[in-house]
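Starting from the given sequences, assemble the full structure and let the hints guide the process.
First to last, the protein sequences are chains B and H.
Residues 1 to 263 in this note's numbering are what the first sequence spells out, letter by letter.
Residues 1 to 207 in this note's numbering are what the second sequence spells out, letter by letter.
Simulated from the structure, these hints should not be mistaken for laboratory data.
Be aware that one or more of the hints could be misleading.
Unchecked claim - For lysine-lysine, the following DSS-like pairs were computed, each having C-alpha atoms within a straight-line distance of at most 25 angstroms:
1. H:Lys126 <-> B:Lys141
2. H:Lys105 <-> H:Lys199
3. H:Lys114 <-> H:Lys126
4. B:Lys113 <-> B:Lys141
5. H:Lys93 <-> B:Lys147
6. H:Lys199 <-> H:Lys93
Claimed, not checked - To give an idea of the chain H side of the interface with chain B (calculated C-beta under 8 angstroms), a few residues:
7. Arg113
8. Arg117
9. Ser166
10. Gly175
11. Leu179
12. Ser181
Using N, Cα and C, we set each Cβ at its ideal position, and we do this for glycine too.
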Amino acid sequence: MTCQRIWNGLTRMTISLRPYSVKRCKAPMVAALLALGLSACAPAMAPQGINDPFEKQNRATHALNLKLDTYILRPVANNATRILPDEVFIGASNVADNLGLPGVVANDLLQAKIGPAVHNTLRFAVNSTLGLGGLFDPASKMGATAKHTDFGETLSVWGVGEGAYVELPAYGPSTQRDTVGTVVDLVFDPLRLFIPKDKRWVGTVAQIAARIGDRGRYSETVDSILYDSADGYAQARLLYLQNRRHTLGQTTAESDFEDPYAQ
Amino acid sequence: MHSKTETTSMHLTRRAFGAGLAAGTGFLAFALPVRALTVDQARQLVDKLIADINATINSGQSEEAMFGDFEQIFVTYADVATIARSALGPASKSASAGQMAAFTKAYQGYISRKYGRRFREFIGGKIEVMDARPYKSYYEVISTATLQGSAPFDLRWWVGDKSGRSLFFNIIIEGVNMLASERTEIGAILDQNGGDVDKLVAALNAS
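Here it is, written out as structure tokens:
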């Protein structure tokens, strides 16, 4: 039940929005990016508490996402992981991760993190060749384990604050900053330089299969948050924000430290 | 929302307390707090706790039997009363002593079942203590959980002795704070029951 994995189950409920966002968002995204880039000088302050001014809208989106999960993702995932062996989903997950590596390297470079950029380039080279196009992950066995990053993290490194919490339709929990990050990662994916247009479906299929696998394998944990919690929306929000801040290496803000002995 | 104001006021209280102390005792205010518990003792506590969890998740028992074991582990190593009071949040201040006792007992069973279900997914995996360090006026013991077929993840235990015994009072899983998550959840169940602590206790016992 690694949180990252549960995320994959929880957040990327489906990725059907993908072609749609790619086509429509390019120009406004570039403008947003420039605006963010210009205002970003100092490192972002460690975010604290929960900033959710769009809660009403977010809860409506959460209800929609729950329906998508109840009627589509959950039954598909539970059946698929029962019928097909684990190796299928692990392979799909490896392929999806490997195809994401050029984007990860680009973000490492944008964050001026040369060590991780080299590390992830080597992972891509090893797994694409010895790993048979990314189906296997021999690089991890050699000690070069996954070191993920994304454009949301790049923005954070550049000093952009996380903004408000948002739950995106068919995607799940995010923040304003991470939403921009996700869209930029989709639109400017450097993988396009490596893969011809008519082969791009491979990555999309691998990603969908990987999400289905995660949803199926961590079914009980995801269910416990989405369905068994008295307020699944609030639990998912808390889980996303705390885990995301942890991933970005943001230590808990002083005012967020809860001392149960002082209450 | 209320948790935010509460932590803020706690912060102010501590600051005001520090200022008072500094005014009263001058340089003494900068002295380090006396720690009765040591970092090694905190680590040993979590080592023993993890040995018990590992023994339970690899015991091959039924789910029901495991929940009993987890409840026993929870009572032995965790400051149940403090965790329960924190989970109940502001309502703990207006609840009667009898309600608090009933709530604490119901909560103990509830959390053992809930976390027991999650720990059950650790079957065949293991948890190892990696490091321990002072944290605020407590200790943070850092462990890594390795599960079959997934990347290792970070599990931290906050240990203190303010209850009079060395006990853990919070678990942080990949940055996710158990006390915060519990306060959100118990607060939501309390809301569903119209703010009635007795109904909340009944709901927890039925879970």
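(message) Run through the hints listed earlier and report the numbers of any the structure violates, in increasing order.
(response) Hints 5, 7 and 9 are the ones this structure does not satisfy, whereas the remaining hints hold.
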